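Chemist: Each chain, letter by letter, is given below.
Number of protein chains: 2
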Amino acid sequence: MRQPACLMMAGGRGERFWPASRSHRPKQLLRFGMKDPLVVQTLRRIGPLVSPARTLVITSAPLVESIAACLPELKPEQILGEPVGRNTAPCIGVAAVWMAQHFSPDCVMIVLSADHYVARRDAFLDALRTGTEAAAQGHLVTLGLNPTRAETGYGYVELGRPLDEEAGLYRVARFLEKPDAITAQKFLAAGKYLWNGGIFLWTCARILEEMERHLPSIMPLLKEYQEALKGGRPGQVLERIYPQFPDISIDYAVMEKAEDIVTLKANIGWDDLGNWTVLERLRQPDSEGNVVLGPFVGEDTRGCIISADAGLVATLGVKNLVVVKDGDVVLVMPKDRAAELKQLIGRLKEEPSWEKFL
Amino acid sequence: MRQPACLMMAGGRGERFWPASRSHRPKQLLRFGMKDPLVVQTLRRIGPLVSPARTLVITSAPLVESIAACLPELKPEQILGEPVGRNTAPCIGVAAVWMAQHFSPDCVMIVLSADHYVARRDAFLDALRTGTEAAAQGHLVTLGLNPTRAETGYGYVELGRPLDEEAGLYRVARFLEKPDAITAQKFLAAGKYLWNGGIFLWTCARILEEMERHLPSIMPLLKEYQEALKGGRPGQVLERIYPQFPDISIDYAVMEKAEDIVTLKANIGWDDLGNWTVLERLRQPDSEGNVVLGPFVGEDTRGCIISADAGLVATLGVKNLVVVKDGDVVLVMPKDRAAELKQLIGRLKEEPSWEKFL
Numbered sequence: 000m001r002q003p004a005c006l007m008m009a010g011g012r013g014e015r016f017w018p019a020s021r022s023h024r025p026k027q028l029l030r031f032g033m034k035d036p037l038v039v040q041t042l043r044r045i046g047p048l049v050s051p052a053r054t055l056v057i058t059s060a061p062l063v064e065s066i067a068a069c070l071p072e073l074k075p076e077q078i079l080g081e082p083v084g085r086n087t088a089p090c091i092g093v094a095a096v097w098m099a100q101h102f103s104p105d106c107v108m109i110v111l112s113a114d115h116y117v118a119r120r121d122a123f124l125d126a127l128r129t130g131t132e133a134a135a136q137g138h139l140v141t142l143g144l145n146p147t148r149a150e151t152g153y154g155y156v157e158l159g160r161p162l163d164e165e166a167g168l169y170r171v172a173r174f175l176e177k178p179d180a181i182t183a184q185k186f187l188a189a190g191k192y193l194w195n196g197g198i199f200l201w202t203c204a205r206i207l208e209e210m211e212r213h214l215p216s217i218m219p220l221l222k223e224y225q226e227a228l229k230g231g232r233p234g235q236v237l238e239r240i241y242p243q244f245p246d247i248s249i250d251y252a253v254m255e256k257a258e259d260i261v262t263l264k265a266n267i268g269w270d271d272l273g274n275w276t277v278l279e280r281l282r283q284p285d286s287e288g289n290v291v292l293g294p295f296v297g298e299d300t301r302g303c304i305i306s307a308d309a310g311l312v313a314t315l316g317v318k319n320l321v322v323v324k325d326g327d328v329v330l331v332m333p334k335d336r337a338a339e340l341k342q343l344i345g346r347l348k349e350e351p352s353w354e355k356f357l
Numbered sequence: 000m001r002q003p004a005c006l007m008m009a010g011g012r013g014e015r016f017w018p019a020s021r022s023h024r025p026k027q028l029l030r031f032g033m034k035d036p037l038v039v040q041t042l043r044r045i046g047p048l049v050s051p052a053r054t055l056v057i058t059s060a061p062l063v064e065s066i067a068a069c070l071p072e073l074k075p076e077q078i079l080g081e082p083v084g085r086n087t088a089p090c091i092g093v094a095a096v097w098m099a100q101h102f103s104p105d106c107v108m109i110v111l112s113a114d115h116y117v118a119r120r121d122a123f124l125d126a127l128r129t130g131t132e133a134a135a136q137g138h139l140v141t142l143g144l145n146p147t148r149a150e151t152g153y154g155y156v157e158l159g160r161p162l163d164e165e166a167g168l169y170r171v172a173r174f175l176e177k178p179d180a181i182t183a184q185k186f187l188a189a190g191k192y193l194w195n196g197g198i199f200l201w202t203c204a205r206i207l208e209e210m211e212r213h214l215p216s217i218m219p220l221l222k223e224y225q226e227a228l229k230g231g232r233p234g235q236v237l238e239r240i241y242p243q244f245p246d247i248s249i250d251y252a253v254m255e256k257a258e259d260i261v262t263l264k265a266n267i268g269w270d271d272l273g274n275w276t277v278l279e280r281l282r283q284p285d286s287e288g289n290v291v292l293g294p295f296v297g298e299d300t301r302g303c304i305i306s307a308d309a310g311l312v313a314t315l316g317v318k319n320l321v322v323v324k325d326g327d328v329v330l331v332m333p334k335d336r337a338a339e340l341k342q343l344i345g346r347l348k349e350e351p352s353w354e355k356f357l
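Line by line, the protein sequences give chains A and B. With numbering that gives the first Met the number 0 applied, the first sequence covers 0 to 357. With numbering that gives the first Met the number 0 applied, the second sequence covers 0 to 357.
The set of hints was computed from the structure by calculation and includes no laboratory data. Computed from a predicted structure; not experimentally measured. The reader is advised that the hints may include incorrect statements.
Remember, identical chains collapse to one label, so a pair may be satisfied in a single copy or spanning two.
Claimed, not checked - Pairs of lysine to aspartate or glutamate, EDC-like flavour, derived with a Cα cap of 16 Å:
#1 K74 <-> E64
#2 K334 <-> E298
#3 K74 <-> E349
#4 K177 <-> E64
#5 K341 <-> E298
#6 K348 <-> E298
#7 K341 <-> D299
#8 K177 <-> E72
#9 K74 <-> D179
#10 K256 <-> E349
#11 K229 <-> E76
#12 K229 <-> D121
#13 K318 <-> D335
#14 K264 <-> E354
#15 K256 <-> E298
#16 K341 <-> E223
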């Protein structure tokens, strides 16, 4: 099997783990109490399958330097900065052109987010190997992640007829939007719905064909980039073409429209680290049910999630709160409101003098 | 009427408003959103009755410089630093000797705490004038503060037979310890119980006579100090004698034993600023019931007390919490647990590496 290549998408605005995450230091640069930032963990995780030389990172332009500092294995040209965010479809298109040029058009590209977590690395690598084989045969592959709870925050794929049951490969019957709580419960019970975590495998040639079919408007721009890669100034061209891309996800632009999509059942302990409460899944709570990162003293404090970069967080008589101290910013909210953090961020965006805290 | 003198007691360990108050910056140095620190407010408040030249401040030795910086009106010799804390009786004894020497033995001394709040300044000054006259006639006077709630955190005085009903002067029938909640309700309803706020008036000679009678062990030490004031090294003597004083309050040592104690009914809007919840009495809560000092953004946040020295405190979906950020320390607790802050401080004292946060 030829070695695949990997696109690590490392954009992100740093809102879900605010104030630990900020615009200049989004989630993929956080450690969550582990040794390395998520972006480094992601690169290391795929190491046995994809060498650093076959990795491309695409992030937002202001983050290129921070990402590069974390990933000294990568050459500068392996980290592209988007001048503006245009969601995943244009990003994947650019990566397919880049990889086709640097490696080959029939090279399998694995598409990953740099800020997700995988508990079971061996199972993950096995899945990627199986997926790479299927992708090399021409399939569009999406990893279907075993749901472990009735999650309303993810999209789902519904399993269709099997392609290779032993390998865990199935046709995708359909893609399903984020469900409500009752539907999510039904999905979990039914067994034929898997989380669509945005981990894709396909050859560069195949995804570009699909884009030509379903998103033809971007093809002239991608061609310009391809020419520049052959001997022009690709950085300048990217700068110029990016704002002209439509702002659209790969799911909406291609996956929900294409034929012959295959999903690979993967039980890999995946988590997208969606909000602060995920810390309870990442780390064992202490004897009082608290998950603590950083210096903390709690008197009669139970079921809390505490994060402090330095200094001290002290609590008395509280339960089920999230308390985060980062620099001179403090956040307090109940755990069951953690998914609404975006509303608070929205308030901060309204006031120019608060922008510095984002 | 001869001008009285004033002892401002300005010790304090900075525990009740931790982490805004610290050992190096206790409550009397805080502003609570007002223009001046409490110690400055206290000096200004008595200005029309007592000139700065007739004021003596006694604080703990490590605080002398900070207090002096706040009170440039005072000469260095008007601020004494206790090398060790010995509660109020020795402090008042030292002050009585100091004032008798600098002013005269029959000078009336007003004893105040530097970290209390008085809403009705004119009524306060009227009460002090009346109290000064009674003290000049030889009475031991304690201000009896009109209770405005069934407070369990204060001691009370029970009114006895009137001495001068028009002036509001009554004999004290007895002193009562901090009551439980039911007793406090009865006290409030009965009308003849007043808060004992620790505001005293007497002549230097009279209080020293009472000490000679009820606390004779301290008299030789006070005599040594008196001699040093006449032409020795009073600072050095204070340093030497202070550790030998008993650790005892004036209430316990003298007031509960002496005859002929008079209380003056005073409706002055007094508050000892006992814990963080007092901010709700000092400041009008906003339309969502929050009292906010410093930069704050709250989404669906009600009935909270927020204090931030700088940076930003952000809350989402919480109610009735106290959230304080000071430097790199954060405190979160429900308002109804604010009186238990001492227990948390106790935890901090257990761990040497946390001492720097106290």
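Chemist: Work down the list of hints and note, for each, if the structure agrees.
Modeler: Hints and how they fare:
{"no.": "1", "hint": "K74 <-> E64", "verdict": "within (12 Å within a copy, 58 Å between copies)"}
{"no.": "2", "hint": "K334 <-> E298", "verdict": "between (18 Å within a copy, 15 Å between copies)"}
{"no.": "3", "hint": "K74 <-> E349", "verdict": "neither (39 Å within a copy, 51 Å between copies)"}
{"no.": "4", "hint": "K177 <-> E64", "verdict": "neither (34 Å within a copy, 63 Å between copies)"}
{"no.": "5", "hint": "K341 <-> E298", "verdict": "between (30 Å within a copy, 11 Å between copies)"}
{"no.": "6", "hint": "K348 <-> E298", "verdict": "between (35 Å within a copy, 13 Å between copies)"}
{"no.": "7", "hint": "K341 <-> D299", "verdict": "between (30 Å within a copy, 13 Å between copies)"}
{"no.": "8", "hint": "K177 <-> E72", "verdict": "neither (37 Å within a copy, 69 Å between copies)"}
{"no.": "9", "hint": "K74 <-> D179", "verdict": "neither (44 Å within a copy, 72 Å between copies)"}
{"no.": "10", "hint": "K256 <-> E349", "verdict": "neither (37 Å within a copy, 63 Å between copies)"}
{"no.": "11", "hint": "K229 <-> E76", "verdict": "within (14 Å within a copy, 84 Å between copies)"}
{"no.": "12", "hint": "K229 <-> D121", "verdict": "neither (37 Å within a copy, 86 Å between copies)"}
{"no.": "13", "hint": "K318 <-> D335", "verdict": "both (11 Å within a copy, 14 Å between copies)"}
{"no.": "14", "hint": "K264 <-> E354", "verdict": "neither (42 Å within a copy, 53 Å between copies)"}
{"no.": "15", "hint": "K256 <-> E298", "verdict": "neither (55 Å within a copy, 40 Å between copies)"}
{"no.": "16", "hint": "K341 <-> E223", "verdict": "neither (37 Å within a copy, 68 Å between copies)"}
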